[in-house]
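Q: The primary structure of each chain is shown beneath.
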Amino acid sequence: MGRKLLLEHINVPGINTFDVYRSKGGYASVEKALKTLSPDDVVEEVKKSGLRGRGGAGFPTGMKWSFLAKPEGVPRYLVCNGDESEPGTFKDRYLMTHIPHLLIEGMIVASYALGANTSYIYLRGEMMPQIRILERAIAEAKNAGFLGKNILGTGYDLELYVQPGGGAYICGEETALLESLEGKRGNPRIKPPFPAIAGLYGCPTVVNNVESIAAVVPIINHGGDEYAKIGIGRSTGTKLISAGGNLKRPGVYEIELGVTVEDFIYGDDYCQGIANGKRLKAVVAGGSSVPILPANLILKTINNEARLMTYESLSDGGFATGTMLGSGGFIAYDEDQCIVRNTWNFARFYHHESCGQCSPCREGTGWMEKVLHRLEFGHGKMSDMDLLVDVSKKIEGNTICPLGDAAAWPVASAIRHFRDEFEWHVTNPSVALTSNYGLAHYADPLPVLEKAEV
Amino acid sequence: MLSVQNTDAPVTFTPELLGKFAEIVARYPEGKQKSALLPILHLVQAEFGWVSAPAMDKVAEYLDIQPIEVYEVATFYTMYFLKPQGKYMLEVCRTGPCEIVGATPIMEHIEKTLGVKEGDVTPDGLFSWRGVECLAACGYGPVLQIGPEYTFYENLTTESVDKLISDLKGKANN
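Order-wise, the sequence lines are chains W and S.
Last residue of the first sequence? That's 454 in the working numbering, and every number before it is there in order.
Last residue of the second sequence? That's 174 in the working numbering, and every number before it is there in order.
Because the hints were derived from the structure by calculation, they are not lab data.
None of the values given here were measured: they were computed from a predicted structure.
Treat the hints with care, as some may be off.
Using 20 Å as the maximum straight-line C-alpha spacing, the simulated DMTMM-like pairs for lysine to aspartate or glutamate come out as follows [stated by the list, open to error]: (1) W:184 to S:30; (2) W:184 to S:57; (3) S:58 to W:182; (4) W:248 to S:154; (5) S:32 to W:159; (6) S:34 to W:179; (7) W:184 to S:154; (8) S:34 to W:159; (9) W:149 to S:23; (10) S:34 to S:69; (11) W:184 to S:64; (12) S:20 to W:334; (13) W:149 to S:72; (14) S:32 to W:140; (15) S:34 to W:182; (16) S:32 to W:179.
Far from chain S, some chain W residues (derived; all Cβ distances over 12 Å) [unchecked claim]: (17) 17; (18) 22; (19) 66; (20) 90; (21) 128; (22) 343; (23) 345; (24) 367.
Glycine included, C-beta positions come from ideal geometry on N, C-alpha and C.
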């Protein structure tokens with residue numbers, strides 16, 4: 001088992017209350033930051049930690065903070081992104097449900113670093129129970145002098161509010177989230193200007209994922225350098241992985257970045273293998289948007305090296321043979337799952353969630369859903385696979401926000417790696433209605449690569 | 001096609017509800033009261049069971065914005081009901097991770113048990129159901145939620161769904 005920085009005390013009874021949380025060393029980072037560090041020092045520690053955005057994009061958090069504009073007399077905002085809607089991802093819900101004060105603590109330190117006096121935690125509207133949990137935690141923290149005016153006598157003021165969304169995946173995109181927080185439809189904004197210059201109410205704003213903000217707490221407590229010692233290369237620290245699908249033990253795991261994928265799926269400390277004694281067929285490693293990989297390619301890279309749970313190793317081989325760590329939404333598919341049906345399901349999701357602003361996404365997602373529907377339900381044509389790839393290419397990169405890419409990648413990757421399963425649906429339409437293509441050769445060992453002459 | 005619907009029932013916001021509205025508006029800077037729109041619509045829905053056109057007009061008046069600004073938001077987000085629903089709206093996650101652990105059979109079972117199609121209300125006014133997109137509970141699927149508290153029911157089986165429905169019937173009849 002690796003080190004736990006976020007979930008260390010998750011099983012302590014009453015850790016959701018201020019008193020118990022505090023007795024376990026909670027809010028120490030607020031005392032350390034506000035009393036002994038300048039805001040710039042805090043930013044510096046986060047930069048040194050190498051922390052990368054935990055919401056999916058993996059952009060260095062310290063760098064994002066350092067881009068924040070600081071014009072005189074203009075308020076600055078920190079907005080926490082708790083919209084968590086990426087299929088496969090449920091880590092933030094877990095963290096907020098069980099250890100809400102960790103997020104509040106991180107919000108205080110991060111707000112101090114950015115010079116924000118009002119901060120918002122935006123949660124998807126379906127998380128009403130978590131909204132109540134956080135509001136109670138905020139009240140407790142305020143009561144103890146960690147929020148409100150003149151926190152701990154340092155002269156720093158901070159008000160913290162929780163805002164519900166209305167049920168829209170797109171609001172996980174940071175500018176759509178800001179629109180939503182302003183009481184509007186969640187249509188992503190054209191960038192530039194980036195939120196760091198003109199965000200909430202046109203003021204400089206940083207938007208960070210729940211887990212990123214929570215990670216600030218151990219970074220300040222132990223120092224950025226210590227945090228950076230965990231992990232491999234540019235994948236530093238620990239990451240929450242939410243594992244679902246056909247696993248023996250699904251759930252949320254805090255891993256040190258660098259665990260092998262094989263250990264994560266089959267290890268006793270983690271998911272303990274595939275449920276019901278079946279075999280692994282495919283994995284979506286970082287939320288539904290990232291390319292799906294067959295079992296052989298997720299366990300080993302094309303160069304036959306063990307694949308690791310890091311940003312770099314998962315993306316090894318690019319989109320041809322790799323994928324992405326994304327949000328850490330890990331979905332495992334067993335031998336009985338149908339890739340065509342799953343791809344259709346995801347395409348329906350993106351069509352449903354497209355905000356409709358950009359034509360390639362609005363029209364393209366619907367078109368892909370229709371074509372995949374006919375493939376799944378026995379009316380597909382051999383030309384459909386090329387058609388899908390063509391449509392996906394025309395969406396990718398041609399939209400204001402990354403939802404277009406997110407809709408295109410699962411479709412393109414499914415056809416890239418599982419084309420014969422799609423073709424089988426076309427040639428055996430009636431069989432495909434009642435049975436699945438099965439494991440086929442997807443779990444076979446990797447093909448031996450011929451060594452390139454250098 | 002979604003559109004806003006009228007209602008014959010009078011729409012009055014109680015002083016308690018207006019008190020909650022004011023508490024929310026106070027969270028935002030002066031002049032940015034429109035930010036309260038989404039949370040206020042949730043409160044309206046919890047009170048009336050859905051958001052009717054007259055209710056939205058009153059919200060617009062309260063926030064000093066145009067009614068269209070409320071309509072466009074209420075029709076964009078999926079959580080707001082634009083027509084009356086059953087007292088208990090069972091929202092079943094139908095996306096990938098829940099689907100591969102059996103969301104479709106759960107929805108078929110609910111449809112059969114309640115005897116109404118997706119989006120329709122049972123004759124006694126107690127239930128409606130629909131499939132919704134990912135609810136961020138992928139490790140505990142299949143899942144469903146019931147508003148306005150948005151309580152989660154996880155690792156569903158046909159037996160646990162039967163029990164839930166009969167419990168809710170009992171609750172409603174007491």
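Q: Which of the stated hints cannot be reconciled with the structure, identified by number in ascending sequence?
A: Of the numbered hints given earlier, those the structure breaks are 7, 12, 13, 14, 20, 21, 22 and 23, listed in rising order.
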